[in-house]
Amino acid sequence: MALQTQAPTSGSMSITAGQLPRTATPMVAVFAAAIGVVAGLLLGSGIAMMVFIAWLVFTLGLFVWSRTVEGSRKAKDRTINAVVWSAFVLAMIPLVSLVVTVVVKGGPVLSPGFLSRDMTGFAALGQGGGIYHAIMGTIMVTALAAIIAVPIGIFTAIYLVEYGAGKPLAKVITFLVDVMTGIPSIVAGLFAVSLFIAVSDEPLPRLGIGGGIALSLLMLPTVIRSVEEMLKLVPNDLREASYALGVPKWRTIVKVVLPTSVAGIVTGVTLAIARVAGETAPLLLICGTFPSANWNPFNGAVQTLPVYIYTSLSQTSHAKYGDIWTDRVWGAALVLIIIVMALNLIARIIGNVFAPKTGR
Amino acid sequence: MSTTIDPEPEVEQAPQTKPPTRAGDALFSGTALGAGLLVILFLAGVGAFLTIRGLPALDASGDSAYGEPNIWKFVGMLLVGTVYASVIAMVIVTPLAIALALVISHYAPKKLAKPVGYLVDLLAAVPSVVFGLWGLEVLAPRLLPLYKWLNEHASWIPLFDGSVNQRSLLTAAIVLALMALPIVTAILREVFAQTPRAHEEAALALGATRWEMVKLAVFPYARSGMVAAVLLGLGRALGETMAVAMVLSATGTGYLTASIITSEAPNTIAAFIANYYANASGAKINTLIFAGLALFLLTFLVNFAGRWIATRGQVKG
Numbered sequence: 001m002a003l004q005t006q007a008p009t010s011g012s013m014s015i016t017a018g019q020l021p022r023t024a025t026p027m028v029a030v031f032a033a034a035i036g037v038v039a040g041l042l043l044g045s046g047i048a049m050m051v052f053i054a055w056l057v058f059t060l061g062l063f064v065w066s067r068t069v070e071g072s073r074k075a076k077d078r079t080i081n082a083v084v085w086s087a088f089v090l091a092m093i094p095l096v097s098l099v100v101t102v103v104v105k106g107g108p109v110l111s112p113g114f115l116s117r118d119m120t121g122f123a124a125l126g127q128g129g130g131i132y133h134a135i136m137g138t139i140m141v142t143a144l145a146a147i148i149a150v151p152i153g154i155f156t157a158i159y160l161v162e163y164g165a166g167k168p169l170a171k172v173i174t175f176l177v178d179v180m181t182g183i184p185s186i187v188a189g190l191f192a193v194s195l196f197i198a199v200s201d202e203p204l205p206r207l208g209i210g211g212g213i214a215l216s217l218l219m220l221p222t223v224i225r226s227v228e229e230m231l232k233l234v235p236n237d238l239r240e241a242s243y244a245l246g247v248p249k250w251r252t253i254v255k256v257v258l259p260t261s262v263a264g265i266v267t268g269v270t271l272a273i274a275r276v277a278g279e280t281a282p283l284l285l286i287c288g289t290f291p292s293a294n295w296n297p298f299n300g301a302v303q304t305l306p307v308y309i310y311t312s313l314s315q316t317s318h319a320k321y322g323d324i325w326t327d328r329v330w331g332a333a334l335v336l337i338i339i340v341m342a343l344n345l346i347a348r349i350i351g352n353v354f355a356p357k358t359g360r
Numbered sequence: 361m362s363t364t365i366d367p368e369p370e371v372e373q374a375p376q377t378k379p380p381t382r383a384g385d386a387l388f389s390g391t392a393l394g395a396g397l398l399v400i401l402f403l404a405g406v407g408a409f410l411t412i413r414g415l416p417a418l419d420a421s422g423d424s425a426y427g428e429p430n431i432w433k434f435v436g437m438l439l440v441g442t443v444y445a446s447v448i449a450m451v452i453v454t455p456l457a458i459a460l461a462l463v464i465s466h467y468a469p470k471k472l473a474k475p476v477g478y479l480v481d482l483l484a485a486v487p488s489v490v491f492g493l494w495g496l497e498v499l500a501p502r503l504l505p506l507y508k509w510l511n512e513h514a515s516w517i518p519l520f521d522g523s524v525n526q527r528s529l530l531t532a533a534i535v536l537a538l539m540a541l542p543i544v545t546a547i548l549r550e551v552f553a554q555t556p557r558a559h560e561e562a563a564l565a566l567g568a569t570r571w572e573m574v575k576l577a578v579f580p581y582a583r584s585g586m587v588a589a590v591l592l593g594l595g596r597a598l599g600e601t602m603a604v605a606m607v608l609s610a611t612g613t614g615y616l617t618a619s620i621i622t623s624e625a626p627n628t629i630a631a632f633i634a635n636y637y638a639n640a641s642g643a644k645i646n647t648l649i650f651a652g653l654a655l656f657l658l659t660f661l662v663n664f665a666g667r668w669i670a671t672r673g674q675v676k677g
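Chains as they are written, first to last, in our numbering: chain A, 1 to 360; chain B, 361 to 677.
Source of the hints: derived by calculation from the structure; they are not laboratory data. Please note that the accuracy of each hint is not assured.
[Said to hold, decoys possible] Simulated coverage check for chain B against chain A, where a stretch passes if three residues somewhere in it have a Cβ under 8 Å from a Cβ of chain A:
1) 388-400
2) 407-416
3) 461-475
4) 495-504
5) 588-599
6) 615-627
7) 649-656
[Said to hold, decoys possible] Okay, the calculated beta carbon distance ranges per label pair:
8) B:Leu-504 <-> A:Ser-86: 48 to 54 Å
9) B:Asp-423 <-> A:Ala-165: 52 to 58 Å
10) B:Arg-502 <-> A:Leu-60: 22 to 28 Å
11) B:Ser-641 <-> A:Lys-232: 45 to 51 Å
12) B:Gly-642 <-> A:Ser-292: 27 to 33 Å
13) A:Glu-229 <-> B:Lys-474: 44 to 50 Å
14) A:Pro-108 <-> B:Asp-423: 33 to 39 Å
15) A:Ala-143 <-> B:Asn-430: 42 to 48 Å
16) A:Leu-60 <-> B:Trp-432: 47 to 53 Å
17) A:Val-30 <-> B:Pro-580: 34 to 40 Å
18) B:Val-587 <-> A:Pro-151: 34 to 40 Å
19) A:Glu-229 <-> B:Pro-580: 25 to 31 Å
If you're wondering where the values come from, they're calculated on a predicted model, not measured in any experiment. Even glycine gets a Cβ: it sits at the ideal position worked out from N, Cα and C.
Construct all of the structure, not just a fragment, from the sequences and the given hints.
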């Protein structure tokens with residue numbers, strides 16, 4: 001008896017009672033879109049306003065309908081669901097717009113001439129010229145950074161995992177790597193500048209190796225972190241099996257630990273390179289700008305892609321925007337994105353293809 | 361007699377307990393240790409050089425402090441701008457990143473979640489100068505009508521006062537938010553994914569709706585991770601240079617206004633250095649380096665706080 005009196009008193013006992021129909025969401029969406037369009041046309045406002053009105057009607061409408069039929073808990077769940085998904089869409093719009101704009105505006109600019117010529121003899125705001133020198137500069141400076149940072153990073157990670165585990169020195173290094181992760185890129189550039197003011201006695205030193213050093217400072221923590229993670233994943237059984245066979249520790253590391261984790265290490269290093277390849281601020285300070293390719297990293301300014309984009313744009317924003325000029329900037333941006341994305345994809349492919357078979 | 365015999369076994373035992381030293385081992389461990397020490401040296405060098413070059417700026421004034429009466433006023437102005445822009449960026453990015461991470465970890469079907477997560481990771485790799493270019497050429501003109509509308513209808517709020525400019529602090533903050541979004545989302549995704557499956561299923565089994573499950577099982581578990589993610593994103597936004605340097609049209613150290621839609625905004629440290637470095641010489645370079653040092657200390661403190669909260673959460677976890 002007592003149980004029966006507690007049973008729901010709502011009229012229908014059908015299993016679908018107290019639920020919105022399955023098509024509720026699309027129905028409200030269509031309704032809201034219609035209202036949005038009509039209201040937008042009546043008010044004479046733009047598409048953004050229409051979308052906003054439609055969204056507002058959709059969220060509110062769904063909430064009210066669900067609340068009257070399903071109760072407040074379900075209504076809240078539906079509303080939050082809508083809000084979460086719309087925030088997701090809202091976040092993706094600019095990110096997609098960025099990629100699309102760069103491809104659409106930069107794509108037509110790319111031509112063999114654009115990639116193979118430099119800016120020697122071309123006026124900053126005129127026609128012609130290309131970004132060959134900037135591409136080469138980016139490759140050279142990034143390679144320099146990798147040459148400095150990768151060996152130091154890998155060996156530091158080996159020290160942290162294989163030799164120093166638990167020692168105070170290892171804790172100090174781990175802490176400092178944390179600190180390095182937070183170095184703002186422009187500070188790395190200022191460091192390179194102050195270093196080369198001291199070394200070369202010039203008031204404003206500009207040279208490629210300085211860019212390499214600044215970028216390696218930004219790369220090091222990423223390399224150390226990722227290699228450290230990978231080395232930690234190597235099962236201890238492998239090391240102990242090797243020791244049990246009488247293999248010295250260094251050969252164990254070289255022949256057992258590193259080959260086991262090589263895929264992860266290469267992935268981490270490539271991602272670190274991709275991260276610094278697009279760095280602008282330090283290169284703006286220490287590498288400067290130069291109209292043709294400069295292959296000597298120890299003397300003179302080196303043009304790099306990110307700095308090319310930045311300086312070109314700041315020159316045009318004062319003068320009248322020349323179409324050719326801004327096109328060139330977008331072209332350079334597209335090339336830069338392609339380089340960075342290619343490095344990323346290579347890293348992920350290496351990570352997937354050469355990952356140790358998860359047999360164990 | 362016995363005293364002469366006793367030492368002998370000890371002498372013989374000692375080499376046996378020690379592993380045989382090999383040249384290769386010594387060389388290899390030496391190299392590894394050397395690399396570790398080099399990292400310490402590297403960072404010490406950064407600190408030392410910035411301090412040596414930056415400290416002479418302590419008595420900079422007037423021209424060498426870019427028109428400010430003293431160095432503290434100069435750095436203070438820029439610090440306010442840096443923190444202001446970054447905090448606005450975080451206000452924008454936090455709800456978006458939470459939603460994005462929730463979609464990837466809990467709301468979206470697996471088939472959609474994986475490519476979306478991958479896309480977000482790839483976007484973290486877009487160079488900041490490209491974000492700046494897009495912000496200046498595409499985003500800023502689109503925001504101008506919104507700013508005008510806000511200025512017309514809501515100028516009684518100090519945020520939307522003043523003369524409207526599309527290259528305002530808010531535009532810069534939105535670009536900063538977009539740049540921080542992939543990083544904050546990536547951390548939050550990890551944090552949300554670590555919620556014990558049993559907690560989630562227990563909540564659902566008790567009849568909780570999906571939102572109640574997230575509120576009761578996921579958020580409490582992820583609280584410290586969420587704070588840490590936002591702080592690490594803030595550290596990133598504080599040090600970001602190019603996007604702000606390209607988008608914000610502040611002159612000099614800027615103006616102290618609350619308004620975020622005019623060009624009369626406070627400048628940020630990193631953007632100021634990038635914009636004024638080319639024409640700097642002598643004492644001005646010291647001033648810029650001193651500003652860089654201040655930025656370094658600020659980001660260090662924020663990152664340190666973020667990591668501290670993250671590790672404290674893990675221990676309690």
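Evaluated hints:
With 11 residues having a Cβ less than 8 Å from any Cβ of chain A, the region 388-400 of chain B passes the three-residue criterion, so the hint holds. With a cut-off of 8 Å between beta carbons, the region 407-416 of chain B has 4 residues touching chain A; three or more are needed, and the interface restraint holds. With 3 residues having a beta carbon nearer than 8 Å to a beta carbon of chain A, the region 461-475 of chain B meets the requirement of three or more and the stated coverage holds. Only residues whose beta carbon comes within less than 8 Å of a beta carbon in chain A count, and the region 495-504 of chain B has 4; three or more means the coverage holds.
Counting residues of the region 588-599 of chain B whose beta carbon lies closer than 8 Å to any beta carbon of chain A gives 3, which meets the minimum of three for the stated coverage. A stretch counts as covered by a chain when three or more of its residues have a beta carbon under 8 Å from one of that chain; for the region 615-627 of chain B and chain A the count is 0, and the coverage is violated. Evaluation of the coverage hint for the region 649-656 of chain B: fulfilled, as 5 residues show C-beta separations to chain A shorter than 8 Å, against a requirement of three. The beta-carbon spacing between B:Leu-504 and A:Ser-86, approximately 24 Å, falls outside the hinted interval of 48 to 54 Å.
About 54 Å separates the C-beta atoms of B:Asp-423 and A:Ala-165, a value consistent with the hinted range of 52 to 58 Å. Between B:Arg-502 and A:Leu-60, the C-beta spacing of about 26 Å keeps the proposed range 22 to 28 Å intact. The hinted range of 45 to 51 Å is satisfied by B:Ser-641 and A:Lys-232, whose Cβ atoms lie roughly 48 Å apart. Under the hint 27 to 33 Å, the C-beta atoms of B:Gly-642 and A:Ser-292, about 30 Å apart, fit the expected range.
The hint said 44 to 50 Å for the Cβ distance between A:Glu-229 and B:Lys-474, and at roughly 21 Å that hint is violated. In this structure the hint that A:Pro-108 and B:Asp-423 lie 33 to 39 Å apart at CB is violated, the actual value being about 47 Å. For the hinted restraint 42 to 48 Å between A:Ala-143 and B:Asn-430, the CB-CB distance of approximately 43 Å keeps it satisfied. As the Cβ distance of A:Leu-60 to B:Trp-432 is approximately 51 Å, the hint placing it in 47 to 53 Å holds.
As the Cβ distance of A:Val-30 to B:Pro-580 is approximately 38 Å, the hint placing it in 34 to 40 Å holds. At about 37 Å, the beta-carbon gap between B:Val-587 and A:Pro-151 stays in the expected band of 34 to 40 Å. A hinted range of 25 to 31 Å for the beta carbons of A:Glu-229 and B:Pro-580 is consistent with their spacing of about 28 Å.
Of the numbered hints listed earlier, those contradicted by the structure are 6, 8, 13 and 14.
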